[in-house]
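Visitor: Below are the chains, spelled out letter by letter.
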Amino acid sequence: MDLGNLIPFSREVFLDFVAQYNALLWPAHIATLMLGVMLIYLVLRPSKRWERLPALFVATVWIGIGVGYFGLHFSSLNWAAWLSAFFFILQGALLVWVGVVRNRLGLEFDGSLSGWTGIVFLVTAIAVYPLLSLATGTGLAAIPTVGIVPGPTVLMTWGFLLMTAARPPLALTLIPFIMAFIGAAAGWLIGLPADLVLPLAAIVGLWPVLARRR
Amino acid sequence: MRSLPIDILDRRGFLTSAAACCAVAATPSLAATPAIAKRPIPSTGEVVPIVGMGSWITMNVGDDPTLRAARLKVVQAFFDEGGGMIDSSPMYGSSEEVIGHSLAKIPNTKQLFAATKVWTLSQWMGVRQMNNSFDLWRVKRFDLMQIHNLVDWEAHLETLLEWKQEGRVRYIGVTTSHGRRHDDLAEIMKTRPIDFVQFTYNMIDREAEDVLLPLAKERGIAVIINRPFQRGGLFDEFKNKPLPNWASAIDCQSWAQFFLKFVISHPAVTCAIPATTRVDHLRENMAAGRSKLPDSDMRARMLRYIDAL
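Just so you know, the protein sequences line up as chains D and C, in that order. Residues in the first sequence are numbered from 1 upward in steps of one, following the working numbering. Residues in the second sequence are numbered from 215 upward in steps of one, following the working numbering.
In short, the hints are calculated from the structure, not lab data. Do not rely on the hints blindly, as some may be mistaken.
[To be verified] A few chain D positions that, by computed beta-carbon distances, are all more than 10 Å from chain C:
id : residue
1  : G4
2  : P8
3  : V13
4  : M34
5  : L35
6  : R45
7  : G71
8  : L77
9  : T136
10 : I178
[To be verified] If you anchor each label on the Cβ, the simulated ranges turn out as follows:
id : chain 1 : residue 1 : chain 2 : residue 2 : range
11 : D       : I178      : C       : M339      : 52 to 62 Å
12 : C       : A318      : D       : F86       : 45 to 55 Å
13 : D       : Q20       : C       : A514      : 29 to 39 Å
14 : D       : A165      : C       : A318      : 28 to 38 Å
15 : C       : P407      : D       : N5        : 50 to 60 Å
Yeah, the Cβ is synthetic: ideal placement off N, Cα and C, and Gly gets one too.
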């Protein structure tokens with residue numbers, strides 16, 4: 001199958017779209033970045049009171065990206081955006097169910113390899129990935145911000161899943177795993193090499209998630 | 215003279231420059247610009263310009279006003295150059311909407327041959343999608359409605375035959391992408407009353423020469439060729455290779471014209487639809503249709519040259 005058949009837009013148009021979307025949502029970026037930093041704080045200083053908050057935040061941005069980014073905007077450029085919208089909303093709903101309703105996704109930093117990997121992923125999602133994108137020509141207007149656009153959000157989610165006190169249900173890893181590869185394939189086809197970080201994170205992150213004791 | 219850094223030229227721009235240096239090409243007189251060649255649609259005898267315009271990726275620019283203005287210039291240049299057929303699909307994101315936006319702003323669209331596609335499962339969804347295309351293009355009638363990649367083709371063909379009777383569409387066609395379902399398409403060509411087929415044909419992808427092109431000729435079906443440059447792959451492939459000196463004998467001034475003339479000179483081809491975002495490339499494409507085309511001996515020579523590179 002020719003993957004090129006699935007990407008009906010150019011790099012120029014995609015970056016222009018992200019720039020427009022960024023402008024539309026600004027200054028929400030500040031809030032999502034602060035919430036991303038809050039995830040790191042909550043994993044280092046766990047609090048019973050705020051136990052459900054990380055899952056609520058991660059769920060909210062998945063649903064927000066599903067509805068806003070894919071459903072309302074990106075679908076005008078790419079018919080396949082509807083599928084992504086569905087999966088992002090589904091992932092958000094799963095996170096709400098497991099993390100908020102059932103309270104099974106509280107954070108805890110135990111100094112293990114898994115925990116450190118999670119921290120690295122979070123920092124990468126918040127800072128490294130956007131800087132990498134800038135360095136590879138994305139431009140400031142189209143900078144990918146965690147919680148706003150899919151790439152860094154998928155990366156942040158891998159970090160989140162690696163830092164939960166108990167092993168998360170495997171169902172929660174499926175969509176981030178698939179989306180990491182789809183995002184990277186699309187990015188590669190239109191010339192966005194920073195997206196190759198995504199499948200790398202999915203592969204590196206999956207094993208610690210699977211290997212952890214429940 | 216300071217040389218331009220390669221990275222500020224796109225691949226086609228590079229090839230054009232290289233070809234201009236290498237080819238001993240006759241410059242056509244601008245004062246006596248001949249009209250673009252036209253080919254008849256076998257089912258009616260109506261003629262269409264031999265070079266049209268595709269819209270895959272190039273017209274999918276969303277609602278960005280700057281990019282829309284740039285595409286408007288391309289569409290305007292297309293009609294200024296005597297173009298007719300513009301081809302799109304609901305699969306191409308916002309392309310239909312952008313084309314409709316451009317057409318509404320251009321006064322000289324009398325030659326427009328509006329061609330789009332239906333690309334969805336079920337007859338009901340197809341009707342809905344095609345009705346939406348009328349709105350997006352802002353036209354009352356499509357010259358050509360094609361079933362994209364044979365998706366649910368039997369259901370859509372039923373609708374299209376009715377619509378043709380009613381005058382909502384003038385011609386009906388079926389398309390396929392490179393190398394996919396050629397056998398199925400051939401079967402439809404043999405058994406169904408279609409006016410057009412669309413498939414891939416270029417100097418590298420020549421499978422269509424075996425069955426589809428001869429069959430179209432035999433059955434009196436018009437042929438639209440997509441990907442005449444193999445989606446830019448031909449430019450990549452022959453980057454840094456010289457255009458042959460004898461290309462001037464068929465008025466080729468660039469690789470783009472070399473590739474395009476090969477495609478449109480096939481006797482079964484009605485129209486090729488290269489896509490571009492640039493006015494200069496569009497003019498170069500259109501020029502290929504208004505100058506000398508290779509005969510069968512020259513076509514064979516062109517292939518030998520390409521194969522030897």
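Visitor: If a hint holds in the structure, say so; if it doesn't, say that too.
Guide: Hint check results:
The beta carbon of D:G4 sits about 7 Å from the closest Cβ of chain C, which is not more than 10 Å, so the claim that it is off the interface is violated. Under the 10 Å C-beta cut-off, the non-interface status given to D:P8 relative to chain C is violated; the minimum distance is some 5 Å. Remark: the non-interface label on D:V13 conflicts with the geometry, its nearest Cβ contact in chain C lying 5 Å away (cut-off 10 Å). Listed as outside the interface, D:M34 is consistent with that label: its C-beta sits roughly 30 Å from the nearest C-beta of chain C, beyond the 10 Å cut-off.
Residue-level check passed: D:L35 sits 29 Å from the nearest beta carbon of chain C, beyond 10 Å. The Cβ of D:R45 lies farther than 10 Å from every Cβ of chain C, with a closest approach of about 43 Å, so its non-interface assignment holds. Residue-level check passed: D:G71 sits 15 Å from the nearest beta carbon of chain C, beyond 10 Å. Some Cβ of chain C comes within 10 Å of the Cβ of D:L77; the nearest lies about 4 Å off, and the non-interface call is violated.
For D:T136, the condition that its CB be more than 10 Å from all CB atoms of chain C holds, with the nearest at approximately 14 Å. At the 10 Å boundary, the C-beta of D:I178 stays outside the reach of chain C, the nearest C-beta of that chain being 22 Å off. About 26 Å separates the C-beta atoms of D:I178 and C:M339, a value inconsistent with the hinted range of 52 to 62 Å. At roughly 34 Å, the beta-carbon separation of C:A318 and D:F86 lies outside the given 45 to 55 Å, and the hint is violated.
Checked against the hint of 29 to 39 Å, the pair D:Q20 and C:A514 fails, with Cβ atoms roughly 50 Å apart. A hinted range of 28 to 38 Å is violated for the C-beta pair D:A165 and C:A318, which are about 59 Å apart. Between C:P407 and D:N5 the C-beta distance comes to about 28 Å, which lies outside the given range of 50 to 60 Å.
Consistency note: the structure conflicts with the earlier hints numbered 1, 2, 3, 8, 11, 12, 13, 14, 15.
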